[in-house]
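Chains B and S are the protein sequences, given in the same order.
Take my numbering: the last position of the first sequence gets the number 117, and nothing is skipped along the way.
Take my numbering: the last position of the second sequence gets the number 113, and nothing is skipped along the way.
Source of the hints: derived by calculation from the structure; they are not laboratory data.
Please note: incorrect hints may appear among the correct ones.
[As the list claims (entries may be wrong)] Derived contacts from chain S toward chain B, CB cut-off under 7 Å, selection only:
| id | residue |
| --- | --- |
| 1 | ARG41 |
| 2 | GLY42 |
| 3 | SER73 |
| 4 | PHE103 |
[Stated by the list, open to error] Pairs of lysine-lysine, BS3-like flavour, derived with a Cα cap of 27 Å:
| id | chain 1 | residue 1 | chain 2 | residue 2 |
| --- | --- | --- | --- | --- |
| 5 | S | LYS56 | S | LYS26 |
| 6 | S | LYS105 | B | LYS57 |
| 7 | S | LYS26 | B | LYS57 |
| 8 | B | LYS13 | B | LYS57 |
| 9 | S | LYS70 | S | LYS105 |
| 10 | S | LYS26 | S | LYS69 |
| 11 | S | LYS105 | S | LYS69 |
| 12 | S | LYS56 | S | LYS105 |
| 13 | S | LYS70 | B | LYS57 |
Only a predicted model underlies this, so the values are computations on that prediction, with no experimental measurement involved.
From the three backbone atoms N, C-alpha and C, an ideal C-beta is built for every residue, glycine too.
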Amino acid sequence: KAGVTQTPRYLIKTRGQQVTLSCSPISGHRSVSWYQQTPGQGLQFLFEYFSETQRNKGNFPGRFSGRQFSNSRSEMNVSTLELGDSALYLCASSLGLAGTLAKNIQYFGAGTRLSVL
Amino acid sequence: SQQGEEDPQALSIQEGENATMNCSYKTSINNLQWYRQNSGRGLVHLILIRSNEREKHSGRLRVTLDTSKKSSSLLITASRAADTASYFCATDNRGAGSYQLTFGKGTKLSVIP
Numbered sequence: 001k002a003g004v005t006q007t008p009r010y011l012i013k014t015r016g017q018q019v020t021l022s023c024s025p026i027s028g029h030r031s032v033s034w035y036q037q038t039p040g041q042g043l044q045f046l047f048e049y050f051s052e053t054q055r056n057k058g059n060f061p062g063r064f065s066g067r068q069f070s071n072s073r074s075e076m077n078v079s080t081l082e083l084g085d086s087a088l089y090l091c092a093s094s095l096g097l098a099g100t101l102a103k104n105i106q107y108f109g110a111g112t113r114l115s116v117l
Numbered sequence: 001s002q003q004g005e006e007d008p009q010a011l012s013i014q015e016g017e018n019a020t021m022n023c024s025y026k027t028s029i030n031n032l033q034w035y036r037q038n039s040g041r042g043l044v045h046l047i048l049i050r051s052n053e054r055e056k057h058s059g060r061l062r063v064t065l066d067t068s069k070k071s072s073s074l075l076i077t078a079s080r081a082a083d084t085a086s087y088f089c090a091t092d093n094r095g096a097g098s099y100q101l102t103f104g105k106g107t108k109l110s111v112i113p
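Full structure from sequences and hints, please.
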């Protein structure tokens, strides 16, 4: 079974630009979560999507948005980039099914490293 | 906000030694998980312990959970150079319908051959 695929792996943007990151979950997984990882703040939860609906959201400004498609693939968008948005963005998928602890195990992609200049 | 706090922040040991990492958290949890991250890559799930369990084993890994102290420990026995990575604890303290994991800042483990 293929793992979680994130594209692109590396991205360089300038302040004020916008960026879209893509995540393809493991086949059969309906939940996709996004995290931002920086040396200072560590891993911070951005949002989680399940069946095309945002089910949970972290404490990030509205410049950070996402969506999920009917095939469970997800995209994350950051508008008006700031220097502080430079980070490793990680996507994780899980079953997301009720009634089993398996839903809580998240499978991570390799991440997209975003550099904002 | 960070739920878990790992300690120590960095740990350096010789190959063959045991490595112990600790995690403390603040609120009640449903379960606690440990993940490993090799430099700049994605996280890999290692082990999950439920809130009503006290100890769990998986291969060379042993995890304990003390909900009264809101703490957990991860023990890696007979460490290998390939165990060099950062280790994170993550708590699942979800309400209904929420699948958010809250991660600590991690322990960076270096195993010297």
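Given a cut of 7 Å on the nearest C-beta pair, is the interface hint for SER73 (chain S) held or broken against chain B? violated, 19 Å
CA of LYS56 (chain S) to CA of LYS26 (chain S), is that 27 Å or under? holds, 21 Å
Taken at face value, is the distance from the CA of LYS69 (chain S) to the CA of LYS26 (chain S) at most 27 Å? Given that 27 Å is the threshold and the Cα spacing comes to 9 Å, the pair holds.
So, as I understand it, the hint says ARG41 (chain S) touches chain B; can you test that by seeing if any CB pair is closer than 7 Å? Cβ of ARG41 (chain S) sits 5 Å from chain B, so the hint holds.
Hinted pair LYS13 (chain B) and LYS57 (chain B), Cα distance within 27 Å: holds, 25 Å
Starting from LYS56 (chain S), check that the Cα of LYS105 (chain S) is at most 27 Å away, please. holds, 22 Å
Starting from LYS70 (chain S), check that the Cα of LYS57 (chain B) is at most 27 Å away, please. holds, 25 Å
When you check the alpha-carbon spacing of LYS105 (chain S) and LYS57 (chain B), does it fall within 27 Å? holds, 20 Å
Given the hint that LYS105 (chain S) pairs with LYS69 (chain S), does the C-alpha gap stay at or below 27 Å? holds, 19 Å
Answer holds if the nearest beta-carbon of chain B is closer than 7 Å to that of GLY42 (chain S); otherwise answer violated. Given a least distance of 4 Å, the restraint on GLY42 (chain S) holds.
Would the pair LYS70 (chain S) and LYS105 (chain S) pass a check requiring their Cα atoms to be no farther apart than 27 Å? This hinted pair holds, its Cα atoms lying about 16 Å apart.
CA of LYS26 (chain S) to CA of LYS57 (chain B), is that 27 Å or under? holds, 20 Å
Violation of the numbered hints given earlier is confined to hint 3; every other hint is satisfied by the structure.
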